[in-house]
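Engineer: Sequence:
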Amino acid sequence: MLYYLFRFLEQWNIPGSGMWSYISFRSILALIISLVISIWFGEYFIKWMKRNNATETQRDASIDPYNVGKKGVPTMGGIIILVATIVPCLLFGRLRNIYMILMLVTTVWLGAIGFADDYIKMKKTKDGLRPIYKLFGQAALGLIVGLTLWASPDAVVHENISREKQGTEIIVHKSEPVKSTITTIPFVKHNNLDYSNIFSWLGQYKSAATWIFFVLLTTFIVMAVSNGSNLNDGMDGMCAGNSAIICVALGILAYVSSHMVYASYFDIMYIPESQELVIFLSAFVGALIGFLWYNAYPAQVFMGDTGSLAIGGIIAVTAIIIHKELLIPLLCFIFFMESLSVMIQMQVAKYGNKRGKKIRFFKRAPIHDTFRVKPDQLIPDAHYILKWPKGCWLESKITTRFWIITILLASLAIITLKIR
-3 MLYYLFRFLE QWNIPGSGMW SYISFRSILA LIISLVISIW FGEYFIKWMK RNNATETQRD
57 ASIDPYNVGK KGVPTMGGII ILVATIVPCL LFGRLRNIYM ILMLVTTVWL GAIGFADDYI
117 KMKKTKDGLR PIYKLFGQAA LGLIVGLTLW ASPDAVVHEN ISREKQGTEI IVHKSEPVKS
177 TITTIPFVKH NNLDYSNIFS WLGQYKSAAT WIFFVLLTTF IVMAVSNGSN LNDGMDGMCA
237 GNSAIICVAL GILAYVSSHM VYASYFDIMY IPESQELVIF LSAFVGALIG FLWYNAYPAQ
297 VFMGDTGSLA IGGIIAVTAI IIHKELLIPL LCFIFFMESL SVMIQMQVAK YGNKRGKKIR
357 FFKRAPIHDT FRVKPDQLIP DAHYILKWPK GCWLESKITT RFWIITILLA SLAIITLKIR
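For what it's worth, our numbering labels the leading residue of the sequence shown as -3, then goes sequentially.
Treat the hints as calculated values from the structure; they're not laboratory data. All values reported here derive from a predicted model rather than from experimental measurement. Hints are supplied without guarantee of correctness; some may be wrong.
[What the hints assert, rightly or not] Dumping the calculated DSS-like pairs for lysine-lysine here, alpha-carbon to alpha-carbon at most 25 Å:
1. Lys350 - Lys386
2. Lys67 - Lys120
3. Lys393 - Lys353
4. Lys346 - Lys370
5. Lys383 - Lys346
6. Lys354 - Lys370
7. Lys67 - Lys393
8. Lys119 - Lys43
9. Lys117 - Lys43
10. Lys370 - Lys353
11. Lys67 - Lys370
12. Lys386 - Lys370
13. Lys117 - Lys67
14. Lys43 - Lys67
15. Lys393 - Lys354
16. Lys350 - Lys393
17. Lys383 - Lys370
18. Lys46 - Lys67
19. Lys175 - Lys119
20. Lys346 - Lys393
21. Lys393 - Lys383
22. Lys46 - Lys119
23. Lys386 - Lys354
[As the list claims (entries may be wrong)] Quick list of simulated restraints, FRET-style, between CB atoms:
24. Lys383 - Tyr347: 15 to 21 Å
25. Gln343 - Val32: 33 to 39 Å
26. Ala378 - Asp123: 20 to 26 Å
27. Gln343 - Tyr261: 42 to 48 Å
28. Ala204 - Ile181: 19 to 25 Å
29. Lys383 - Arg126: 32 to 38 Å
30. Arg397 - Asn193: 38 to 44 Å
31. Leu131 - Ser196: 56 to 62 Å
Every residue, glycine too, gets a C-beta built ideally from N, C-alpha and C.
All chains, full assembly: derive it from the sequences and hints.
Structural biologist: Listed below in structure tokens is the structure:
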């Protein structure tokens, strides 16, 4: 809203109003304001939740031995992140921008699903919202995002092509914006993959099949990353810290994708109007860092599904918009390993049960829990395939080491712009 106000004032040559046209100014301002809101609002939110006994319930020690001692800590802290993200975006963002609209819808949609889950856990049953309802909500959002990117005339790209000029190869962009199902392949020169090539054998139906595939792929990515971030939210500061690092990398990728000169230099698609993603991600990173003020060990508030589901959705939708979804396994490696460890653990346990044996692959899943298992917390008479690590790490050390891994992988994701 302030963006439109100052752009109007710029017509009257009001000093300083021209700064609002710069992405750098608006993004830094969004980060600062979101950080302040997150810290300021967080204090009042935590006090209000405690007054109303909206706190973490006692966990079953046999199911979750690590959070038994954390009874009385307010949950639903994701509300702090959502509020601190949305307010700066409404103030400094271009609200008619299709990408800004998609990000705000993603935030509110998955935040609402997570809130329903947290509320049911707190007030009615510890199991929360039935998994099928959460999956349905995530799938519905994925369909909305995919169909919007297909149907909206504003969601277009300028494809990059290589030309020879005086014996030197240069990268230029097609003058006409087009609807595109091209994505970027990391570590490959002239790194574009057109999904339509997969369906070239369908002839005249190739275009329709490609867009159906793209929408379904978008849905799958939203569901996978959202659930991965949800599983990563198991230690104080873990998910918020990892997500802030990932979003800084995505912000850099979004900025170069929105700048024609940088896009040509790095040989990637130019995506007009995607600079608004930088505003959103700046606000989001500020909100996550401010949330860590209270969520760092020992946590004064838990994120809950209200925050973790929305975080994963935001990361997934951003990567899809800037056509960098193939970087998600690298950027979100920690989330991927959390999900994979749970699936492996479940399948190995089922295999053992059919043979009347107690078999586990990890000491515990998700994988971050396997680093803090004490000997007395292991299942009696169970056979563990992977017995590493032998010792028990402090929760704060596990969180910090996971952050370091994410920093390394996020840095690698950024330099894929040059490593081909």
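Engineer: Would you mind confirming whether the straight-line C-alpha gap from Lys350 to Lys386 stays at or under 25 Å?
Structural biologist: Violated. Lys350 to Lys386 sits at ~28 Å, over the 25 Å cutoff.
Engineer: Hey, Lys117 versus Lys67, does the alpha-carbon distance stay inside 25 Å?
Structural biologist: holds, 14 Å
Engineer: Is the straight-line distance between the alpha-carbon of Lys46 and that of Lys119 25 Å or less?
Structural biologist: Cα-Cα ~14 Å, so holds.
Engineer: Would you mind confirming whether the straight-line C-alpha gap from Lys119 to Lys43 stays at or under 25 Å?
Structural biologist: holds, 18 Å
Engineer: Assuming the hint says 33 to 39 Å, is it satisfied by the Cβ distance from Gln343 to Val32 or not?
Structural biologist: Cβ of Gln343 to Cβ of Val32: about 46 Å, so the range 33 to 39 Å is violated.
Engineer: When you check the alpha-carbon spacing of Lys393 and Lys353, does it fall within 25 Å?
Structural biologist: violated, 33 Å
Engineer: Given the hinted pair Lys354 and Lys370, is their Cα-Cα distance within 25 Å?
Structural biologist: Distance ~18 Å between Lys354 and Lys370 Cα, so the pair holds.
Engineer: Are the Cα atoms of Lys346 and Lys393 separated by 25 Å or less?
Structural biologist: At roughly 32 Å apart (the allowed maximum being 25 Å), Lys393 and Lys346 break the hint.
Engineer: Does Lys370 sit within 25 Å of Lys67, going by the straight-line distance between their CA atoms?
Structural biologist: With Cα atoms ~21 Å apart, Lys67 and Lys370 stay inside 25 Å; holds.
Engineer: Within 25 Å, alpha carbon to alpha carbon, are Lys346 and Lys370?
Structural biologist: holds, 24 Å
Engineer: Run the distance test for Lys393 versus Lys383: straight-line Cα separation, threshold 25 Å.
Structural biologist: Judged against 25 Å, a Cα distance of about 19 Å means the pair holds.
Engineer: Hint check: Lys383 vs Lys346, CA-CA at most 25 Å. Holds or violated?
Structural biologist: Holds, because 19 Å separates the two Cα atoms, which is no more than 25 Å.
When the structure is compared with the earlier hints, violations turn up for hints 1, 3, 15, 16, 19, 20, 25 and 31 and for no others.
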